[in-house]
Amino acid sequence: MKQLDFNKSSEVTIGVELEFQIIDPDSFSLVSRANDVLKNIQKSNYQQKIKPELTQSMIEINSSVHHEIKELYQDLHQLYDFLLQTGSQLNVFFCGGGVHPFQKWTTQNIFFKKKNIRVLQKNTNFLQKEPLYLVNICI
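Everything in the sequence shown is counted per the working numbering, starting at 1270 for the first residue and increasing by one.
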């Protein structure tokens, strides 16, 4: 396994990535609307913090790096509020964590980029069971 080089930091820092399902508000099905979300936020202050994920029915928000949990919470709260406002304009809901109860991954449109193709090739059997929506905490 390749060893990773880490830069020394003076204090502990924390950042969070949250992945959300993009949901149709009437049927509660996953909808491939990530491109619409991304297009809608292009000129916002949050453009660099809201990103596409593996499928087009997923979106990810990324906090800044923080030294204090309270600051992290405020950052994520502002990001999520902005995401909800964007969803309201586009008539979509966002749902975090876990798996979708009745959608199959094979019906989802994939964001084809190198990283995602590698993930799909490496984890096909796992991903065929359920698309996951995760929380990543980086300390």
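Read the hints as simulated data drawn from the structure, not as lab findings.
Worth double-checking, as some hints may not be accurate.
What the hints assert, rightly or not - Keeping only pairs whose Cα atoms sit at most 25 Å apart, straight-line, the calculated SDA-like set for lysine to any residue is:
id: 1; residue 1: Lys1308; residue 2: Gln1347
id: 2; residue 1: Lys1339; residue 2: Tyr1349
id: 3; residue 1: Lys1320; residue 2: Asn1331
id: 4; residue 1: Lys1308; residue 2: Gln1272
id: 5; residue 1: Lys1339; residue 2: Lys1308
id: 6; residue 1: Lys1318; residue 2: Leu1352
id: 7; residue 1: Lys1320; residue 2: Thr1355
id: 8; residue 1: Lys1318; residue 2: Val1285
id: 9; residue 1: Lys1318; residue 2: Ser1296
id: 10; residue 1: Lys1271; residue 2: Ile1292
id: 11; residue 1: Lys1320; residue 2: Leu1307
id: 12; residue 1: Lys1320; residue 2: Glu1337
id: 13; residue 1: Lys1318; residue 2: Ser1301
id: 14; residue 1: Lys1308; residue 2: Asp1295
id: 15; residue 1: Lys1318; residue 2: Asn1360
id: 16; residue 1: Lys1312; residue 2: Phe1297
id: 17; residue 1: Lys1277; residue 2: Gln1347
id: 18; residue 1: Lys1312; residue 2: Ser1333
id: 19; residue 1: Lys1308; residue 2: Asp1293
id: 20; residue 1: Lys1339; residue 2: Leu1352
id: 21; residue 1: Lys1320; residue 2: Ser1279
id: 22; residue 1: Lys1312; residue 2: His1346
id: 23; residue 1: Lys1320; residue 2: Gln1358
id: 24; residue 1: Lys1320; residue 2: Pro1294
id: 25; residue 1: Lys1308; residue 2: Lys1271
id: 26; residue 1: Lys1271; residue 2: Glu1286
id: 27; residue 1: Lys1308; residue 2: Lys1318
id: 28; residue 1: Lys1312; residue 2: Thr1282
To be verified - Here are the computed distance ranges between Cβ atoms for each label pair:
id: 29; residue 1: Gln1358; residue 2: Ser1279; range: 20 to 26 Å
id: 30; residue 1: Ser1357; residue 2: Gln1272; range: 45 to 51 Å
id: 31; residue 1: Gln1343; residue 2: Leu1307; range: 20 to 26 Å
id: 32; residue 1: Ile1283; residue 2: Cys1364; range: 22 to 28 Å
id: 33; residue 1: Glu1280; residue 2: Gln1347; range: 19 to 25 Å
Being a predicted model, the structure only gives us computed values, none of them experimental.
Heads up, the beta-carbon is just placed ideally off N, CA and C, and yes, glycines get one too.
Looking at the structure, which of the earlier hints fail to hold? 4, 5, 9, 10, 16, 17, 21, 25, 28, 29
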